[in-house]
Amino acid sequence: MAMLYAKRILLKPSFVILLLMVPLLVFALSLMAKEESGITRIELCAYDSSDEIAIEAVDMLLENSGLGDLHYSSVEEAFELLENGSVDSVWVLKDSLESRIMDFCYNRTGFDGLVDIYEKEDTIPLKIAREKLFAVLYKWISYDLSYVQLESVLSQNGIEMVLEDQFDTVYRSYKSDESLFVHNYLNAASAKEDDYLLTPMRGMLALLILLAGLCGTLYHKQDKENGVFDGTVFSKRIIIGIMSQLIPMIMVGIVCVLALFLSGNGTSLFREILLLAIYILEAGAFCLVLGEVFDDLNKITVITPFIILISFVLCPIFFRTNYLKAVQWVLPTTYYLRSVHNNHFLNNGILYTVVLIMIFGFIYFGKHYLKASNHKI
Amino acid sequence: MNKTKVYFTIQLKRFFRELPAILCITLCLLLCIGALAAASIHSRQKSDDYIRVKIAIVGNTSDSYLGIGISALSNLDTSKYEVELLDLSLDEAKDSLQKGDISMYLVLPENFIDGISTGSNPKVQMVTDGANGIGGLAADEIAWTISYVLNESQTAIYTLQNIAYSNGIQDAYGPVADNFFLVQMKKILSRESVYDIHEMGIDDGVTLAGYYFCSIFLLFIMLWGITCSGIFCSKKEELKTILYSKGIKSINQTICELGAYFLLMFGIVMFLILLGVLFISILQIELPSFAINESMDIWMSDGEFVINILVKFLPAMLMIACFQQALYEITDGILAGVLTQFMCFISLGYICGCFYPSSYFPIAVQKIANITPIGMAKIYCESVLSYNINFASLFIVIAYSAVFLTFSILIRNYKIKNGK
Chain A
1 MAMLYAKRIL
11 LKPSFVILLL
21 MVPLLVFALS
31 LMAKEESGIT
41 RIELCAYDSS
51 DEIAIEAVDM
61 LLENSGLGDL
71 HYSSVEEAFE
81 LLENGSVDSV
91 WVLKDSLESR
101 IMDFCYNRTG
111 FDGLVDIYEK
121 EDTIPLKIAR
131 EKLFAVLYKW
141 ISYDLSYVQL
151 ESVLSQNGIE
161 MVLEDQFDTV
171 YRSYKSDESL
181 FVHNYLNAAS
191 AKEDDYLLTP
201 MRGMLALLIL
211 LAGLCGTLYH
221 KQDKENGVFD
231 GTVFSKRIII
241 GIMSQLIPMI
251 MVGIVCVLAL
261 FLSGNGTSLF
271 REILLLAIYI
281 LEAGAFCLVL
291 GEVFDDLNKI
301 TVITPFIILI
311 SFVLCPIFFR
321 TNYLKAVQWV
331 LPTTYYLRSV
341 HNNHFLNNGI
351 LYTVVLIMIF
361 GFIYFGKHYL
371 KASNHKI
Chain B
378 MNKTKVYFTI
388 QLKRFFRELP
398 AILCITLCLL
408 LCIGALAAAS
418 IHSRQKSDDY
428 IRVKIAIVGN
438 TSDSYLGIGI
448 SALSNLDTSK
458 YEVELLDLSL
468 DEAKDSLQKG
478 DISMYLVLPE
488 NFIDGISTGS
498 NPKVQMVTDG
508 ANGIGGLAAD
518 EIAWTISYVL
528 NESQTAIYTL
538 QNIAYSNGIQ
548 DAYGPVADNF
558 FLVQMKKILS
568 RESVYDIHEM
578 GIDDGVTLAG
588 YYFCSIFLLF
598 IMLWGITCSG
608 IFCSKKEELK
618 TILYSKGIKS
628 INQTICELGA
638 YFLLMFGIVM
648 FLILLGVLFI
658 SILQIELPSF
668 AINESMDIWM
678 SDGEFVINIL
688 VKFLPAMLMI
698 ACFQQALYEI
708 TDGILAGVLT
718 QFMCFISLGY
728 ICGCFYPSSY
738 FPIAVQKIAN
748 ITPIGMAKIY
758 CESVLSYNIN
768 FASLFIVIAY
778 SAVFLTFSIL
788 IRNYKIKNGK
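Heads up: the sequence lines are chains A and B, in that order.
All residue numbers for the first sequence refer to my numbering, where the first residue is 1 and numbers rise by one.
All residue numbers for the second sequence refer to my numbering, where the first residue is 378 and numbers rise by one.
Keep in mind the hints are simulated off the structure, nothing from the lab.
Mixed in with the good hints there might be a few duds.
Derived CB-CB ranges, DEER-like [stated by the list, open to error]:
hint : chain 1 : residue 1 : chain 2 : residue 2 : range
1    : B       : 619       : A       : 10        : 24 to 32 angstroms
2    : A       : 176       : B       : 487       : 18 to 26 angstroms
3    : A       : 64        : B       : 749       : 29 to 37 angstroms
4    : B       : 749       : A       : 17        : 14 to 22 angstroms
5    : B       : 741       : A       : 313       : 45 to 53 angstroms
6    : A       : 113       : B       : 545       : 33 to 41 angstroms
7    : B       : 545       : A       : 98        : 24 to 32 angstroms
8    : B       : 624       : A       : 354       : 54 to 62 angstroms
Source: prediction; values computed, not measured.
Glycine included, every Cβ here is placed at the ideal spot set by N, Cα and C.
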């Protein structure tokens, strides 16, 4: 019966083309993501392009761009880019940086900053990027602070200040670029998804699988309305109902796993298959309950876009949010995405499936019991 | 002509027969979402807790220097609005991370401060559950910044100590070191004074709120096509051939169906917007501005907001409706029809910046996205919100509509003539 159902779906050319399109599209997106990009685009420039501190600071920022997509240009070019919306922010390093840093260290009045920042509006990525800008400038601030402090300490003790070269030699001898942090993962078996452009891919593919389940429900309802199952016995109808959701989900799921590996987002084959199998059960149970609660083709078609939209916002596809947690736990995609790096949610997902199947059983058999009772009356 | 009129009326009845059900479910869902969102906002306002990222610190934090550092970060630093630091045991931190209650935890090694003061810099473990995306990138960025600032501070302290010691200042060095540490902290905490920030008023720009309004609006319209999949993917394909034989040509069939669908879409959008305006005015919610240099109050007070959305967004809505119809025409059956809608709109929506701002993508992708139908619709809608209509994009949006409609007619014609 399952083979017949699968064959029926696969006989539709547009469905087969769609299945083939999924890995192709994901692969194309993964190729595009390899191009130079950043969460926020910042144009660096300096009023005095010959200022040594400015030159070195720009080099350091360009080497450690991190979240931002940083470029260096002239002040005029940078403003042109900001005005036509090509960049989010322009950082202009002020002139005479050395004396300005000294003003900052000595708390001199009239100090008016080291960098002019022009931006369309202040966003979180720009705030984080500014922390890095400060860190880079802190190299000179810290140097001058210690120089100022030493000068004060020595003069208090009646000792003449050491030569700047001597100070500089000692200072350089202590320099270290070693990172203080080691990034570890709670579940080391899962791969790290580094590229922010590709990270949402898994969530989008998961929604495609969920949608395949919902479409299976729609397809089944349509068949039911057209009287396809009129001659089928009750026990077989429930199996057909479950199959109508599982088969499209399994087909789409297989191409989604393939797409994950093509985009480089896959963990290990065994884990992906396990995650997929559990997700199909979770999503299948969710679709079964929906199919019973909204026992009408048109009602399900109305609710489908809402489920997809809510999943986009609340499930950790793009960002992890703590809003409306109760709603998050109703959506199967939450369990799948959380369980990729955390086995705790794998168990929760199984529990979720069991609960949903119980709810489905309660509604399904309850409905049929009521129907049979009414029939007797 | 009369037959076409009758067919259009039948289509209108067919689509609008579902309107009460659509409105009821839409209303119920919106009420649920609205109530939950209001409850969430209310509870957050009540507890004065706008904190976004929770980070647990595992290890001995009783050292005075570390205590000062953590206290300064929690109470004095500008980051206190984005980060909450929690003092947890390792098991508690693991459990909280597993449950998703915290974003990460930091494990401070034993004698952390001693190691820092001697320069051995014992490594701090930054533990996340891996599924971080942008959050993980931001964490790495902040870790780099902290490491760099700490290394520079240490270099300065050791230099000061070395030269002071070599000049015979040993006994008096303790207070000097303490003082220098406080000076460094003060400078780090006052880091905002290093920048002179100017928020630019760019005339034709939309704010982030306006950007996301356009994105969510387009995404909703795109996904809404799934709502009518039951009607579009009717099994009674042979009816189309019968209608054709009765004189209702494929062009008339297609336009009548599109017209009815578009009117239903318009009705729903009008309902949702009016509901939104009502909700906002009753609760007196202060909305962020959509256009740079323009206050939202101006829009809301004279009803211009409603007019802008309902009338000026019509070309974009029509284009998407034509696109959706073309996709349903090209696919066979509800399964392929709905999945194709989803695939097309999600991939186009993604590269056109309906999820991430388009500036996150490489320049080449942005250029491609801007010429796609959704990209063009987005440019047009943003220009409407910023009071500076982009007529070139309007023209292209209309041209796209014509192309999709022609495509639908041709496919319908082909299907009818070939009995598919």
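Worksheet item: Which earlier hints turn out false for this structure, listed by number in ascending order?
Response: Going through the list in order, the structure violates hint 5 alone and respects the others.
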